[in-house]
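Colleague: Spelled out from the first residue to the last, the chains are:
Protein chains: 4
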Amino acid sequence: MAVKSPEAYRQRAKSMKPRVFMDGKLVEDITAHPVTRTVVEANVASYEWALDPEAGKVLRRPSHLTGEPCNLYTTLNRSPEDLVQRAAAGLYAAANLGTCIYRCVGCDALNTLAATTFEVDRDLGTPYHARFLDFLRYVQDEDLSVAGAMTEPRGPRDQKIGEWKDPDLSLHVVEKNERGIVVNGAKINISGAYACDWTIVMPSGARRPGEEPYSVAFAVPNGAEGMVYVCQYGPHAAERLLADDPWELGNPRFGQRETSLVVFDHVFVPWERVFLCGETKYAGRLVARFAQLHRMVCGGSCKVGFGKVLIGAARLIQEYKGLEHAPHINDQMTEMVTLLETVRACSKAAALEGREEVPGSGVWFPSDLLGNVSKLNVCTAFWRMMALAGDIGGGVVVTMPSLKELKNPETRAYVEKFYGFGSDASAEQIMKVTKLLQHWTAGLHGVGTWHGAGPVQAQKIMVQRLTDYTEMKGLARRMAGIEGEPPQTQETSP
Amino acid sequence: MAVKSPEAYRQRAKSMKPRVFMDGKLVEDITAHPVTRTVVEANVASYEWALDPEAGKVLRRPSHLTGEPCNLYTTLNRSPEDLVQRAAAGLYAAANLGTCIYRCVGCDALNTLAATTFEVDRDLGTPYHARFLDFLRYVQDEDLSVAGAMTEPRGPRDQKIGEWKDPDLSLHVVEKNERGIVVNGAKINISGAYACDWTIVMPSGARRPGEEPYSVAFAVPNGAEGMVYVCQYGPHAAERLLADDPWELGNPRFGQRETSLVVFDHVFVPWERVFLCGETKYAGRLVARFAQLHRMVCGGSCKVGFGKVLIGAARLIQEYKGLEHAPHINDQMTEMVTLLETVRACSKAAALEGREEVPGSGVWFPSDLLGNVSKLNVCTAFWRMMALAGDIGGGVVVTMPSLKELKNPETRAYVEKFYGFGSDASAEQIMKVTKLLQHWTAGLHGVGTWHGAGPVQAQKIMVQRLTDYTEMKGLARRMAGIEGEPPQTQETSP
Amino acid sequence: MAVKSPEAYRQRAKSMKPRVFMDGKLVEDITAHPVTRTVVEANVASYEWALDPEAGKVLRRPSHLTGEPCNLYTTLNRSPEDLVQRAAAGLYAAANLGTCIYRCVGCDALNTLAATTFEVDRDLGTPYHARFLDFLRYVQDEDLSVAGAMTEPRGPRDQKIGEWKDPDLSLHVVEKNERGIVVNGAKINISGAYACDWTIVMPSGARRPGEEPYSVAFAVPNGAEGMVYVCQYGPHAAERLLADDPWELGNPRFGQRETSLVVFDHVFVPWERVFLCGETKYAGRLVARFAQLHRMVCGGSCKVGFGKVLIGAARLIQEYKGLEHAPHINDQMTEMVTLLETVRACSKAAALEGREEVPGSGVWFPSDLLGNVSKLNVCTAFWRMMALAGDIGGGVVVTMPSLKELKNPETRAYVEKFYGFGSDASAEQIMKVTKLLQHWTAGLHGVGTWHGAGPVQAQKIMVQRLTDYTEMKGLARRMAGIEGEPPQTQETSP
Amino acid sequence: MAVKSPEAYRQRAKSMKPRVFMDGKLVEDITAHPVTRTVVEANVASYEWALDPEAGKVLRRPSHLTGEPCNLYTTLNRSPEDLVQRAAAGLYAAANLGTCIYRCVGCDALNTLAATTFEVDRDLGTPYHARFLDFLRYVQDEDLSVAGAMTEPRGPRDQKIGEWKDPDLSLHVVEKNERGIVVNGAKINISGAYACDWTIVMPSGARRPGEEPYSVAFAVPNGAEGMVYVCQYGPHAAERLLADDPWELGNPRFGQRETSLVVFDHVFVPWERVFLCGETKYAGRLVARFAQLHRMVCGGSCKVGFGKVLIGAARLIQEYKGLEHAPHINDQMTEMVTLLETVRACSKAAALEGREEVPGSGVWFPSDLLGNVSKLNVCTAFWRMMALAGDIGGGVVVTMPSLKELKNPETRAYVEKFYGFGSDASAEQIMKVTKLLQHWTAGLHGVGTWHGAGPVQAQKIMVQRLTDYTEMKGLARRMAGIEGEPPQTQETSP
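Residue numbers (my numbering), protein chains in the order written: chain E, 1 to 494; chain V, 1 to 494; chain X, 1 to 494; chain C, 1 to 494.
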């Protein structure tokens with residue numbers, strides 16, 4: 001069976017030797033370091049689920065290449081129902097991890113490459129699709145974890161690539177030879193790559209003629225020579241480093257979404273792992289397809305999963321405080337549920353209105369319009385849920401002391417007394433839930449939600465592009481009784 | 001075939017003789033009066049569509065009783081796909097009428113009665129379901145237009161029915177005899193009843209023991225003895241009455257949604273048309289089921305149809321003014337489209353997550369939670385779309401002169417010059433679109449959207465009732481690592 | 001005393017003979033026509049207030065030319081306290097009229113001309129300021145009502161004036177001679193001009209060299225030869241025309257804000273009433289100053305006055321329905337009050353942070369930034385208040401029958417019974433308040449609020465222009481500890 | 001002169017020996033510990049400002065007792081102008097500290113006690129006011145830093161104090177003797193108390209007869225016997241503890257707002273520092289007055305100060321990225337400025353509409369209605385500003401690596417290259433500003449803004465209580481022409 005054990009992944013992770021830096025120091029062992037191990041644990045969970053009788057219903061499905069049951073994160077979406085399952089997987093993972101499932105971007109990258117390599121080969125007779133299918137089969141057979149990388153530092157937004165003073169601000173090919181290519185550059189904000197078996201690299205935007213070196217896609221194994229991972233580091237990483245015991249933290253096992261800058265300093269990629277190389281016309285399509293798929297999940301069902309945890313935590317606090325019947329709190333709870341269900345509906349409708357994107361490719365993508373609409377709703381909804389949960393949680397959400405005080409003989413009695421709020425729950429229980437709320441309402445998730453799957457302006461532009469006003473204008477004209485209008489041609493907003 | 005011609009309906013309408021009053025005067029002929037005839041026309045359109053090759057794909061489907069193709073508005077929803085079609089019909093009708101399709105409430109009432117009479121008979125051995133099926137078959141065979149009536153004046157909201165000084169503020173049975181029942185009371189805000197063949201009357205809320213006379217449902221033919229229709233009258237009716245020609249109005253053929261107070265002054269109903277009479281326990285269920293269905297349509301897809309017209313009109317104005325490339329206008333257009341698609345997604349997801357409501361009844365209802373979520377989104381979305389379109393339309397939306405000026409030799413040249421804005425469109429075209437926008441942005445639709453399918457607080461209460469926090473609390477507890485919590489029982493917010 | 005009696009104005013109004021058209025017909029007597037007389041009545045009220053001991057405290061103040069007590073609407077703002085009084089007058093008038101005080105634009109135009117003619121003369125040695133002061137003294141001495149006119153039809157927004165196919169789309173000088181000038185064009189959306197003694201005409205925007213004929217300001221008496229007023233006409237006008245008795249209408253005496261297209265077809269203006277003619281550089285300044293002042297009132301305190309009526313009406317309905325203690329309604333009421341006070345605070349702060357605009361002119365203008373902020377808040381606030389009041393008012397707000405039914409023997413008993421809602425109030429009282437709410441929530445006010453004092457995008461552009469980020473950037477740099485930044489020059493956002 | 005040097009305070013701080021715990025450990029020296037010293041530094045700054053020629057204009061004013069120039073934070077507001085200055089001080093402090101000015105609550109507590117002790121003595125002949133004035137003079141003469149403490153853990157919200165299982169959940173008197181009182185309990189979320197010379201303790205809510213022991217107010221010196229401070233501890237504290245150099249942090253000198261649980265375990269207070277003891281009737285008034293004042297500052301101008309830093313940082317990022325002319329970013333900037341100015345206007349208007357609260361006391365309080373309106377605006381505005389700035393800042397705001405990487409020879413070149421974004425600014429500059437934005441958009445400020453000066457529901461209740469609908473109902477009735485209404489008495493919403 002192609003579904004492999006968590007233990008197998010864990011062993012591979014132990015043997016990975018990427019050059020990872022955090023807070024100015026080398027991370028010797030990503031499975032031992034308090035922060036990077038959370039990424040390993042999230043990946044482990046994805047292997048556990050696929051073997052779990054219940055979770056497996058969502059997280060497992062057959063390979064279309066071999067028919068073998070695979071982890072969903074290594075498979076293609078080949079129908080609207082597959083898309084519904086893909087969205088459900090995102091929801092499940094988010095609700096159970098409380099952070100990124102780090103195989104998510106990679107999975108959407110696999111689908112994107114499946115359609116796009118098919119298209120390029122069809123148009124240009126290139127050999128990318130067969131190569132890609134080989135890679136896909138390898139990933140499925142070994143049940144590998146695959147990260148994805150798209151975003152780049154880029155230069156000034158009002159300049160073109162060729163005008164930047166440093167060409168490396170976007171990843172590009174600096175050498176081609178018989179065996180393969182050599183690339184330079186960096187990918188930024190990359191979730192979990194240092195603990196995944198492979199990383200798929202995609203262009204970060206549309207490319208013009210003349211930008212051939214920047215129009216490149218490939219797969220690279222963990223810690224390939226020349227790769228350096230410079231980790232995100234901030235308050236939450238510091239807190240984890242200083243924790244005596246992860247139970248002091250809101251999400252002990254999985255922590256925060258951990259990203260890194262992934263530097264490519266003359267990294268060699270053999271031709272069999274190169275899936276696009278110079279065909280500028282297809283770079284933008286590849287990016288657009290990835291966004292189309294990723295916005296349904298990362299910009300849709302994933303945040304529903306997060307929202308469930310956030311609402312659950314707020315509800316527990318409401319109960320601990322004896323406020324189950326306070327109308328204004330119930331009104332806030334209702335607003336959160338409404339926001340959650342709205343996003344869930346958009347994401348689901350996007351899946352169900354999906355279509356085969358490159359006809360003949362067999363790969364299905366969600367409705368682009370609804371995926372973007374979903375992400376636009378997520379953006380405002382998540383900030384609002386954060387705010388509401390932060391109101392329900394109370395000032396203690398940002399003023400609570402360390403859970404270590406519960407072990408401090410000098411303060412323990414006070415903390416147990418005063419953070420128990422006279423309820424039936426213990427101070428420990430209340431503080432743990434409050435800590436969890438802290439991470440959701442006073443942490444990285446607001447900004448993360450804005451930018452995951454692209455900034456909000458990108459979605460607005462897509463909605464504008466995707467809207468055809470012809471039918472709507474026709475309805476208005478007929479209703480108002482306007483005669484003699486010039487014949488209308490298909491019109492798309494610029 | 002059970003689908004009948006528009007002409008057949010029009011003939012029946014001409015022979016109807018209901019007692020209808022508007023602006024203090026008797027309406028002699030509802031097919032001739034400038035205002036009431038718009039209701040007739042909307043009904044006529046519903047017959048036209050069912051015979052139209054294109055529209056018929058949405059508006060026609062087979063009877064489950066006879067297998068004959070019927071107008072959708074006379075049929076039951078017997079699967080999620082049927083619900084999707086029901087929502088699509090609402091969207092189509094709204095987009096093409098720009099007002100109520102007056103058979104809508106009746107259709108949802110038929111479905112509600114189908115499930116509820118089945119349930120009452122199953123529990124109590126009553127004969128309602130067979131009666132109802134007879135009535136349904138008659139409606140289908142004759143392709144009758146059926147209105148529905150639920151809302152009532154009611155007394156003070158802080159009193160129970162028995163405490164009101166006037167029992168008639170809610171409709172109730174005042175006499176029962178061998179042949180049937182006699183009822184007194186009134187239904188308020190009733191769309192189009194005076195021009196429909198039949199009206200289905202339902203209770204307006206849950207009923208307690210002791211309120212048996214108020215727990216009554218039945219069907220009554222147009223203009224039955226004792227029925228008086230007191231019409232809505234306001235600015236738009238006045239404008240229509242004063243128009244020389246309907247083309248002066250924004251929506252010449254179908255106008256505004258027209259409602260009336262329907263008075264029942266000792267109206268007799270024979271037993272074969274009585275579908276509930278005294279079984280208080282089922283009144284609330286009937287109301288809840290109706291709301292469940294109606295919120296998907298009236299609180300969902302219908303407003304998407306309206307929104308399409310509104311956006312189409314705004315787009316035309318944008319083009320007439322040469323503002324297609326103004327970023328701030330395109331941003332507003334994009335926001336409207338996003339709102340529209342959000343509601344459409346909620347409504348569609350509600351249909352697809354529907355279920356058979358009384359098991360064994362064969363009648364399917366949409367997801368109650370998503371239906372309410374849809375309506376909550378509609379409420380804010382529609383006001384926002386009104387506002388945005390009102391901004392795009394410009395001050396002229398509320399300051400434009402009469403289209404009669406285009407025929408006034410003294411002013412015509414000025415109006416043609418100054419309301420043409422130097423564009424390629426004529427002043428007449430611009431004024432007609434502006435007039436259409438006036439009706440959408442400075443008329444009855446904001447308040448109408450709030451209250452159609454029930455006021456917003458009703459939806460909030462339903463979302464609160466329908467939410468089970470058990471799973472969400474469990475996710476939060478597991479993530480935070482809380483041990484030793486008491487076992488959780490299924491919990492529903494009060 | 002310069003404050004004159006209402007009767008004196010009413011006499012003048014009776015003798016005015018402007019060419020006014022409404023709904024395709026000539027209005028023979030503006031004091032008798034049911035719609036145009038509401039404008040006369042609003043003007044009458046402004047004379048009544050100035051003589052009223054209480055209202056006079058707000059509406060009366062001394063002329064700076066003569067020291068005589070004048071109607072505030074004929075005077076200049078010469079200090080922050082004067083600006084506070086100006087804002088208070090706007091609030092008072094709006095709250096008591098429920099529509100425009102038609103002398104408002106004229107008053108702000110007088111102030112704008114006072115500062116701008118002073119500036120032009122100072123710079124160019126022109127004779128405008130002395131002419132203007134003569135006109136102002138005449139207006140004050142006779143206590144004349146003065147309207148103002150700025151907005152124009154204009155041509156395509158993506159073209160310059162010279163590119164329009166019709167030069168008349170903006171008002172301009174077509175002839176100059178010894179006695180004066182002749183102008184052609186039209187002003188659009190002009191409030192109440194046909195019933196005011198004089199109208200001040202201003203340019204509608206900034207002017208470039210080459211657009212000298214379009215850079216013109218002057219005063220013109222009511223109904224000057226060549227002037228034609230084409231009135232706004234829509235549902236509310238029709239309703240008033242059909243009313244047996246104004247008490248059927250929500251605001252019997254003052255009605256809706258009534259505007260007209262004011263056509264200038266070769267209108268002669270003598271030099272003594274010309275206040276700008278060709279000095280393109282000052283046209284934009286004049287417009288900006290007018291906006292600066294008008295946004296504080298029309299975009300600020302005026303809507304607070306309207307809001308008070310709207311909230312008062314909603315509160316009455318809440319009480320009639322026995323809902324004084326319903327938390328969700330009180331929450332809505334509280335939201336409305338919060339919005340109202342927010343706008344009031346912005347408007348007041350704008351007044352208090354005002355400054356003398358052309359130094360030496362003695363005329364004070366409110367803070368431009370806060371005036372624009374006030375208007376931006378008004379726009380969203382008013383739509384939200386409309387929506388909330390529409391929810392509280394219930395579906396009846398848009399479905400109520402005519403008040404004529406209360407005199408119809410066939411329906412009167414039903415209407416009294418069913419629209420009394422079993423409360424202590426009579427159906428007549430409830431229907432009158434509901435009618436008033438209808439006008440506020442389902443009428444012209446949403447769109448009117450957007451566009452009065454300019455569309456929202458105009459305010460956004462002004463906020464952008466008026467913001468200097470230098471101080472804020474300095475705070476951020478110092479806090480973050482950034483050394484070696486280049487020295488900052490004063491920076492204004494483009 | 002009563003304004004003392006920063007050095008004098010710093011010396012006192014060094015000699016303070018409070019029992020302070022953070023993260024389970026005793027803080028040996030609050031002036032040396034990386035986290036607690038930020039509180040000391042913020043206090044130091046308040047002494048620096050009072051001596052600064054520029055800042056002193058805002059931060060210094062004369063004592064009404066001695067006429068000596070004092071630090072504003074030790075003085076009373078005795079006129080509307082004083083209130084304007086009080087608001088301006090809050091803005092200045094917030095903009096320059098980027099965190100709490102820890103003398104703020106104490107200052108508002110002094111004003112509250114001044115009015116309330118005057119009132120209690122006037123009514124009951126108690127000796128509190130003279131005691132208070134002695135204390136105030138001592139504070140002014142020595143220029144002491146004074147914290148304030150109101151919020152308490154409290155028991156279940158659906159129970160009264162007497163029903164709680166632990167009486168200590170609210171602070172109360174457990175012993176009275178000739179010398180003074182002994183109190184037990186705790187204050188929660190208390191800003192900066194461990195580094196202030198004194199702390200003023202106030203009741204946390206209204207008190208009923210029978211709750212005399214809970215109706216107590218007093219002043220207590222830093223670290224009095226029986227006081228234990230259990231500090232807030234979370235991600236940001238951890239990050240500071242692990243920093244090699246504060247320049248790695250967004251706000252190196254002043255950090256986050258630092259609070260603690262302040263435990264009172266049998267703390268003795270001599271009578272001369274007791275300002276209320278058992279007079280239940282005045283506890284609620286005291287709390288209300290404090291809120292009235294504090295909402296103008298903490299719920300108003302203070303957040304304007306924070307907002308200036310946040311906008312300034314966002315603007316710098318916009319410029320670094322070359323996005324000064326991107327319309328969608330400028331639109332977001334404009335929205336932030338509009339929100340900021342709205343809050344500033346509300347806060348200023350609240351000051352200017354202030355009044356002497358207990359007549360004869362000589363102490364002025366801002367408009368209660370406008371103060372609450374200001375706070376309600378702040379709550380939504382601040383979350384929105386956080387969201388907008390988080391969008392402008394980009395994903396890097398939550399994914400940036402440590403600034404230590406700039407000193408790491410292995411990664412330095414990569415970080416300089418890829419976080420410089422090819423702009424003229426250095427990576428260090430960009431990362432520092434980004435770090436500052438991180439603290440504002442992905443940190444404690446959202447939740448903090450909700451709860452500072454009380455949760456949002458408290459403000460809503462106050463707006464409801466403070467609104468008198470009588471005038472507004474009267475306006476509506478008169479306008480609608482309702483005759484024969486019963487005479488209205490003054491009405492206040494329940």
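Note that these hints are calculated values from the structure, not bench results.
Among the hints, erroneous ones may be present.
[To be verified] Subject to a maximum C-alpha distance of 25 angstroms in a straight line, what follows is the list of computed PhoX-like cross-link-like pairs (lysine-lysine):
hint	chain 1	residue 1	chain 2	residue 2
1	C	K25	E	K417
2	E	K165	C	K17
3	V	K14	V	K57
4	E	K17	C	K17
5	E	K417	C	K417
6	C	K417	E	K407
7	C	K407	E	K165
8	X	K160	V	K407
9	E	K407	C	K281
10	V	K417	X	K460
11	V	K407	X	K460
12	E	K25	C	K17
13	X	K4	E	K460
14	C	K17	E	K407
Predicted model only: the values in this text are computed from it and were never measured.
Colleague: With reference to the structure, classify each hint as holding or not holding.
Modeller: Each hint, compared with the structure:
1. K25(C) x K417(E): Given pair K25(C), K417(E) holds - Cα atoms ~19 angstroms apart, limit 25 angstroms.
2. K165(E) x K17(C): Roughly 56 angstroms between the alpha carbons, so the hint for K165(E) and K17(C) is violated.
3. K14(V) x K57(V): violated, 29 angstroms
4. K17(E) x K17(C): violated, 49 angstroms
5. K417(E) x K417(C): Violated, at about 52 angstroms.
6. K417(C) x K407(E): violated, 45 angstroms
7. K407(C) x K165(E): holds, 24 angstroms
8. K160(X) x K407(V): The given pair, whose Cα atoms are some 31 angstroms apart, is violated under the 25 angstroms limit.
9. K407(E) x K281(C): Distance ~41 angstroms between K407(E) and K281(C) Cα, so the pair is violated.
10. K417(V) x K460(X): Violated - the C-alpha atoms of K460(X) and K417(V) are around 31 angstroms apart, more than 25 angstroms.
11. K407(V) x K460(X): Cα-Cα ~40 angstroms, so violated.
12. K25(E) x K17(C): Not OK: K25(E) and K17(C) at ~37 angstroms, beyond 25 angstroms, violated.
13. K4(X) x K460(E): violated, 57 angstroms
14. K17(C) x K407(E): holds, 23 angstroms
Taken one by one, the earlier hints fail for this structure at numbers 2, 3, 4, 5, 6, 8, 9, 10, 11, 12 and 13, listed in ascending order.
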